[in-house]
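Undergrad: Spelled out, the chains give:
Protein chains: 2
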Amino acid sequence: MTRFDKHVFVCTNQRGSGHPRGCCNDRGSSAIRFAFVDGLKKRGLKGVVRANKTGCLDACELGPAVVIYPQGIWYLHVTTDDVEEIIETSVIGDGVVNRLAAGAAEWDELQKIRAAERTDKK
Amino acid sequence: MTRFDKHVFVCTNQRGSGHPRGCCNDRGSSAIRFAFVDGLKKRGLKGVVRANKTGCLDACELGPAVVIYPQGIWYLHVTTDDVEEIIETSVIGDGVVNRLAAGAAEWDELQKIRAAERTDKK
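Going down the list, the protein sequences come from chains C and E. Here the first sequence is numbered in my numbering, starting from 539 and rising by one per residue. Here the second sequence is numbered in my numbering, starting from 539 and rising by one per residue.
Chain C on its own, in the form it takes in the complex (with noise of 0.2 Å):
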């Protein structure tokens, strides 16, 4: 039996400075993670929907990545602007916000990303 409607998950994972990927941490996630649990908290969804940090969701170079649950919508380049609409959207609602959630395009990118990091260290 689940216990909360919907279930926001933020990577705020931390790298040592000059990691090719990055992380999500230094890109602002920990913000992030405060904004929905503020948003979250004025609109009185306390015990009802929660928002936790997360270790490293490997969305590293398309970060701060966050990923909303039962839906499973993962939103990529999140910024604290973008919050407040994602609630609206995605928490309160079963929408999509299409500007930042990621397709079938975004997870190809993150491949060849990848790949062309496996090259460089070679």
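Calculated from the structure, these hints are not laboratory results. Keep in mind that a hint or two might mislead.
In the DSS-like style, the derived pairs of lysine-lysine whose C-alpha atoms are separated by at most 30 Å in a straight line are [what the hints assert, rightly or not]:
(1) Lys584/E with Lys650/C
(2) Lys580/C with Lys584/E
(3) Lys544/C with Lys579/E
(4) Lys584/E with Lys660/C
For chain C, the structure is supplied; the task is to place chain E on it using the hints.
TA: Chain E in isolation, oriented as in the chain C frame:
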């Protein structure tokens, strides 16, 4: 578009010693996450299923807590010995390990524990 077939989240929150709720990390959840990572890797599921650590999932007193999406199955009092069964049942399969899964009774129990904690504080 979602990225992983299943996504396992393991609470690895660490509180200071003596906190009345305790915390999942003190109850061994970091080892549980590594057991998931290892179990997925040995099945060739890297990139298909991910096991992430999270901040506090707010089930502290009944932890270690694990939640698996998209199903939204919550497992409580998890040990490393349970991980293989959970992977086979809820990650490879779509079933539930009933002896560990949270239902209404567990969430009611948590509410009662929290109510008692509030009384103790007064």
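Undergrad: Starting from Lys544/C, check that the Cα of Lys579/E is at most 30 Å away, please.
TA: holds (28 Å)
Undergrad: Given the hint that Lys584/E pairs with Lys650/C, test it: the Cα-Cα distance must not exceed 30 Å.
TA: holds (18 Å)
Undergrad: Take the C-alpha atoms of Lys580/C and Lys584/E, compute the straight-line distance between them, and say whether it is at most 30 Å.
TA: Violated, at about 38 Å.
Undergrad: Decide if the proposed pair is consistent with the structure: Lys584/E and Lys660/C, CA atoms, cutoff 30 Å inclusive.
TA: holds (22 Å)
The structure shown violates just one earlier hint, number 2.
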